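Engineer: Residues per chain, in single letters:
Number of protein chains: 2
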Amino acid sequence: MTEHSNLQRPSPAAVAETIAALGALFGDRLQTGRALREQHAHTTTWLAPQLPDAVIYPASTEEVQQIVQVCAAHAVPVIGFGAGTSLEGHVNAPFGGISVDFRDMAAILDVHAEDLDCRVQPGVTRKQLNQHLRDTGLFFPVDPGADASLGGMASTRASGTNAVRYGTMKDLVLGLTAVLPDGQIVTTARRARKSSAGYDLTRLMVGAEGTLGLITELTLRLHGIPEAISSAVCSFSSVQDVCDAVIATTQMGIPVARMEFLDALTVRAVNGYSKLDLPEMPLLLLEFHGSEASVAEQAAAFGEIAEEFGATGFRWTTDAEERGRLWQARHDAYWATHSLRPGLQSMSTDVCVPVSALASCVTQARERAESLGMVAPMLGHVGDGNFHILLQIDKDDAEEVAQAQAFMSWLSELAISLDGTCTGEHGIGQGKAKYLASELGDPAVAMMRAIKRAVDPKGIMNPGKIFDVIAADAD
Amino acid sequence: MTEHSNLQRPSPAAVAETIAALGALFGDRLQTGRALREQHAHTTTWLAPQLPDAVIYPASTEEVQQIVQVCAAHAVPVIGFGAGTSLEGHVNAPFGGISVDFRDMAAILDVHAEDLDCRVQPGVTRKQLNQHLRDTGLFFPVDPGADASLGGMASTRASGTNAVRYGTMKDLVLGLTAVLPDGQIVTTARRARKSSAGYDLTRLMVGAEGTLGLITELTLRLHGIPEAISSAVCSFSSVQDVCDAVIATTQMGIPVARMEFLDALTVRAVNGYSKLDLPEMPLLLLEFHGSEASVAEQAAAFGEIAEEFGATGFRWTTDAEERGRLWQARHDAYWATHSLRPGLQSMSTDVCVPVSALASCVTQARERAESLGMVAPMLGHVGDGNFHILLQIDKDDAEEVAQAQAFMSWLSELAISLDGTCTGEHGIGQGKAKYLASELGDPAVAMMRAIKRAVDPKGIMNPGKIFDVIAADAD
Numbered sequence: 014m015t016e017h018s019n020l021q022r023p024s025p026a027a028v029a030e031t032i033a034a035l036g037a038l039f040g041d042r043l044q045t046g047r048a049l050r051e052q053h054a055h056t057t058t059w060l061a062p063q064l065p066d067a068v069i070y071p072a073s074t075e076e077v078q079q080i081v082q083v084c085a086a087h088a089v090p091v092i093g094f095g096a097g098t099s100l101e102g103h104v105n106a107p108f109g110g111i112s113v114d115f116r117d118m119a120a121i122l123d124v125h126a127e128d129l130d131c132r133v134q135p136g137v138t139r140k141q142l143n144q145h146l147r148d149t150g151l152f153f154p155v156d157p158g159a160d161a162s163l164g165g166m167a168s169t170r171a172s173g174t175n176a177v178r179y180g181t182m183k184d185l186v187l188g189l190t191a192v193l194p195d196g197q198i199v200t201t202a203r204r205a206r207k208s209s210a211g212y213d214l215t216r217l218m219v220g221a222e223g224t225l226g227l228i229t230e231l232t233l234r235l236h237g238i239p240e241a242i243s244s245a246v247c248s249f250s251s252v253q254d255v256c257d258a259v260i261a262t263t264q265m266g267i268p269v270a271r272m273e274f275l276d277a278l279t280v281r282a283v284n285g286y287s288k289l290d291l292p293e294m295p296l297l298l299l300e301f302h303g304s305e306a307s308v309a310e311q312a313a314a315f316g317e318i319a320e321e322f323g324a325t326g327f328r329w330t331t332d333a334e335e336r337g338r339l340w341q342a343r344h345d346a347y348w349a350t351h352s353l354r355p356g357l358q359s360m361s362t363d364v365c366v367p368v369s370a371l372a373s374c375v376t377q378a379r380e381r382a383e384s385l386g387m388v389a390p391m392l393g394h395v396g397d398g399n400f401h402i403l404l405q406i407d408k409d410d411a412e413e414v415a416q417a418q419a420f421m422s423w424l425s426e427l428a429i430s431l432d433g434t435c436t437g438e439h440g441i442g443q444g445k446a447k448y449l450a451s452e453l454g455d456p457a458v459a460m461m462r463a464i465k466r467a468v469d470p471k472g473i474m475n476p477g478k479i480f481d482v483i484a485a486d487a488d
Numbered sequence: 014m015t016e017h018s019n020l021q022r023p024s025p026a027a028v029a030e031t032i033a034a035l036g037a038l039f040g041d042r043l044q045t046g047r048a049l050r051e052q053h054a055h056t057t058t059w060l061a062p063q064l065p066d067a068v069i070y071p072a073s074t075e076e077v078q079q080i081v082q083v084c085a086a087h088a089v090p091v092i093g094f095g096a097g098t099s100l101e102g103h104v105n106a107p108f109g110g111i112s113v114d115f116r117d118m119a120a121i122l123d124v125h126a127e128d129l130d131c132r133v134q135p136g137v138t139r140k141q142l143n144q145h146l147r148d149t150g151l152f153f154p155v156d157p158g159a160d161a162s163l164g165g166m167a168s169t170r171a172s173g174t175n176a177v178r179y180g181t182m183k184d185l186v187l188g189l190t191a192v193l194p195d196g197q198i199v200t201t202a203r204r205a206r207k208s209s210a211g212y213d214l215t216r217l218m219v220g221a222e223g224t225l226g227l228i229t230e231l232t233l234r235l236h237g238i239p240e241a242i243s244s245a246v247c248s249f250s251s252v253q254d255v256c257d258a259v260i261a262t263t264q265m266g267i268p269v270a271r272m273e274f275l276d277a278l279t280v281r282a283v284n285g286y287s288k289l290d291l292p293e294m295p296l297l298l299l300e301f302h303g304s305e306a307s308v309a310e311q312a313a314a315f316g317e318i319a320e321e322f323g324a325t326g327f328r329w330t331t332d333a334e335e336r337g338r339l340w341q342a343r344h345d346a347y348w349a350t351h352s353l354r355p356g357l358q359s360m361s362t363d364v365c366v367p368v369s370a371l372a373s374c375v376t377q378a379r380e381r382a383e384s385l386g387m388v389a390p391m392l393g394h395v396g397d398g399n400f401h402i403l404l405q406i407d408k409d410d411a412e413e414v415a416q417a418q419a420f421m422s423w424l425s426e427l428a429i430s431l432d433g434t435c436t437g438e439h440g441i442g443q444g445k446a447k448y449l450a451s452e453l454g455d456p457a458v459a460m461m462r463a464i465k466r467a468v469d470p471k472g473i474m475n476p477g478k479i480f481d482v483i484a485a486d487a488d
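Line by line, the protein sequences are chains A and B. If you use the working numbering, the first sequence corresponds to residues 14 to 488, in order. If you use the working numbering, the second sequence corresponds to residues 14 to 488, in order.
No lab work stands behind these hints, which were simulated from the structure alone. Computed from a prediction, not measured in an experiment: that's the story for all the values here. Errors might be hidden in some of the hints.
[Stated by the list, open to error] Examples of chain A residues toward chain B, derived with CB under 7 Å:
1. 266
2. 366
3. 368
4. 438
5. 452
6. 457
Built from N, CA and C at the ideal position, the CB exists for glycine as well.
Make the full structure from the sequences, and use the hints.
Structural biologist: Pasting the structure below:
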């Protein structure tokens, strides 16, 4: 599984020729300044930045095609760049190459309100799209937290807080247009809500992390903004009780829109940061979407389940302002956890297990983190069995970084041993490539590699991601 | 797009050696009798049956692996067979080969009620699974009408009446195990509800129609049986009104579970067949799932929308017996349409378009069928924009068959011109291979072919399906 075909930095001459050819076509939309290249190689994790040789700003599918054709002719890597919010080194350029920044491809092309879909360019961010949709009564539900670009969200198969109700990017991308490694422009589906026509190229490109081509257009499914929203919170005495309440809620078919868990340490952080006085116990936050009557009924039904599992402090409301207050702990959680070790950095990791195994996974992780003396607040999308640990570490302390890496390795293997995945929504990138074979077995990785070779025989599309071992070859 | 690499019948010697080798391993679970081979090549359409050379009954993934290894060694085709209910010639054997019948792989391996999932062998039918699940309070929603096998449903990316609420096989297969063309056993995912770990091999195998490997195990998502169900019916004066009411219902976010349309001709057929007296106008049937209060509210909310679009005869109920009566027209529709030309055969076709284009598609199809003097009742899953035409023809009349084929070609191209697909749920098989490039373009078909060649270089897996022109090479 450590095969390295096509994994080498192109010659300086090939890079120079590529930059010259692209410069002739794109003028000052091709940039080689170090600061800009650094910005395009930033990672949000322990991975060292690896700079591309240039950054380019196409404005159309045809311009992306031109870029790929030039890069293919010189076997120079092509790395897509959206909002730069990915968490596993997806935009790093271990072999150099051209970072294709979709900043200038951020148009909402059309909205088909009758069909509940829209067509967007990949640089559109989710907040931009929802702002645009506001007057239509529709919204795009996937919410990974950061204001990521939709092209990036598709490429990492992102999800987030309301995936439990509305699905992930795999469910909400109806079709897409992409430039393949040979410069061909492929459209994977038309606009019907479902199709049985041939291989599901849409789902193959979603989550491929830019290793099979560059997405240049997306058709997305939309949902109607719910008539009413209710929010609820309550505390439990154990993670097991949280999970049991979640399981009962799901089995009863209550169509919860959001179901978020904060562990006791995260609650403590939020209490300090946001001046709240929540009990320092596992906290569950819920949101229900529907008609006025339905969201009231859902909240009440959940309240009964919560009581059965010993919940305390159950409150719910449909009032927008009060909903904001109930959910404040969740909204502030990310920054609040930073206050646990002020001035240091947060390293976020992500695993996902069957919900029945979630309590065990969280509890084992908590015990191990504590025994190692690590500051490891945990929170997550508990309805999906997906949770994050925001390790608070000093990235300049090699020992702490090594300990954090070892912990994340242990956690990934734990999730896999519980029949789960090493990443529920962040993707493999560079950071989790070493767990892929452990999770899916060698035949699955070999099948992925065979597809990669068939679609990208020169290996120019985001090399060094998903299956390939990181080859640190920094500028 | 008419490349024929690997498309040839193996030599009689290769077939004989394969049958001998498999016979030694499987004894009388390998059969070569003509009647059985005919039964495994039956098609439910205008396509001529093309017989396999033998039929084999494996009992485990490892036995499927043995079969594939023997066939691969002799470059003999392998064709999966479930319940034989597919509609586009999927189980035909244009180049002969071994039909792998999953009759003896029909076990429900485990049910994880807490995680709302289960693991089954591919020969399990959907009714068998739902019977088994009854006591758990859970059910598997995909309902294509026929009691198809779950392996076959996955392979054709099946859906049906309640896909509008619960999704299609692409949404409800969590992961699968398959034997690849080289005999490797691949598992595509673990049991987490979502994952961002590498290429989505699950979705690649779902809908691949057995051309990339044989599915030998499936992990399926389940749903809680709703606490209450309400059903509703009403008639509209035009298909446009039906579609406008459907669009308004969807935009309002009413979570309809089923939304079925019968055209006036189908209603007439049902009136005659089932002794009903429905107005011979477009009929809409709906089903709502939820709590007692919620299904009442949903039905009432829909009733207001229906009235706005001029519906007549609106009725709804939560009573099980009365629900059966309201939906009788839909349950009897298939056989009722046969009574329009007694003694002849029905040829079913399937297209899917954006809902905003559905009225236009249905109306144009109606006009053309009438101008050609064809008996063409129409019905469908209107919430998805998916509908069927059940052409009543005399399959022994070459002229009628030719006319029906020409009509289905015209319909497929019409759906594509409306930004839809030539098949929403039946699959490509042999019957619709000629529309794939028209629908998705040459680069998409070339990408599919590249994947096919990479995974199945010898071309042994269900050859002559999806992209390849039918090579009639009957026994």
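Engineer: Evaluate each hint against the coordinates.
Structural biologist: Evaluated hints:
Proximity of residue 266 (chain A) to chain B holds as hinted, the smallest CB-CB distance being about 4 Å (cut-off 7 Å). With 7 Å as the threshold, the beta carbon of residue 366 (chain A) comes within range of chain B, its nearest partner Cβ sitting at about 6 Å, so the hint holds. Given the 7 Å rule on beta carbons, the hint for residue 368 (chain A) holds: about 5 Å separates it from the nearest Cβ of chain B. Checking residue 438 (chain A) against chain B: minimum C-beta separation of about 5 Å stays under 7 Å; hint holds.
For residue 452 (chain A), the interface hint holds, since its Cβ comes within 7 Å of a Cβ in chain B; the closest pair sits about 6 Å apart. Given the 7 Å rule on beta carbons, the hint for residue 457 (chain A) holds: about 5 Å separates it from the nearest Cβ of chain B.
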